[in-house]
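Student: Sequence:
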Amino acid sequence: MTITVYGIPNCDTVKKARTWLADQQQDFVFHDFKKQGLTRDIVAGWLKHLSRDVLVNRKGTTWRALSDERKASIVDDEAAIALMLENPSVIKRPVLDKNGTFSVGFSDAQYQQIFNS
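Under this note's numbering, the letters of the sequence shown match residues -8 to 108, in that order.
Keep in mind the hints are simulated off the structure, nothing from the lab. As the structure is a prediction and not an experimental result, all values here were calculated from the model. Honestly, I wouldn't trust all of these hints.
[What the hints assert, rightly or not] 27 Å max Cα-Cα, derived DSSO-like pairs, lysine-lysine: (1) K39 - K89; (2) K39 - K62; (3) K83 - K7; (4) K26 - K50; (5) K89 - K62; (6) K89 - K25; (7) K26 - K39; (8) K39 - K83; (9) K6 - K89; (10) K7 - K26; (11) K25 - K7; (12) K25 - K83; (13) K50 - K62; (14) K89 - K7; (15) K7 - K39; (16) K50 - K83; (17) K83 - K26; (18) K83 - K6; (19) K6 - K50; (20) K26 - K89; (21) K62 - K26; (22) K7 - K50; (23) K6 - K39; (24) K50 - K89; (25) K39 - K50; (26) K25 - K50; (27) K62 - K83; (28) K39 - K25; (29) K25 - K62; (30) K6 - K25.
[To be verified] Pairwise CB distance ranges (calculated): (31) D23 - V45: 19 to 25 Å; (32) S58 - T(-5): 29 to 35 Å; (33) Q17 - A70: 14 to 20 Å.
Yeah, the Cβ is synthetic: ideal placement off N, Cα and C, and Gly gets one too.
Can you make the complete structure from the sequences, with help from the hints?
Tutor: The structure is reproduced here in structure tokens:
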């Protein structure tokens, strides 16, 4: 089984997800997309499984700091990819890849369902 958690280490939700996985003795790789970066292929791969409305965190400070014109320009996956590569902090975290099955965010119930099904 391959598990990759994408996020940034100082994000509270990412910390909770990583702690949960460690407590459940799940081996995983953490991909810090601030330090390790993101590629177009990674983000496009996410968009094959998740909608841009799930991936782009429209409630966060990074989104709120964008100009109205920039926000309005996110009308398709290409525009969303460009935004996420330009501003990785706009991505809702963590993005979990468990054997090619993807989820975003973290809650105990959500991870229980993913890992116990």
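Student: Mind listing which of the numbered hints don't hold for this structure, in increasing order?
Tutor: 5 and 33
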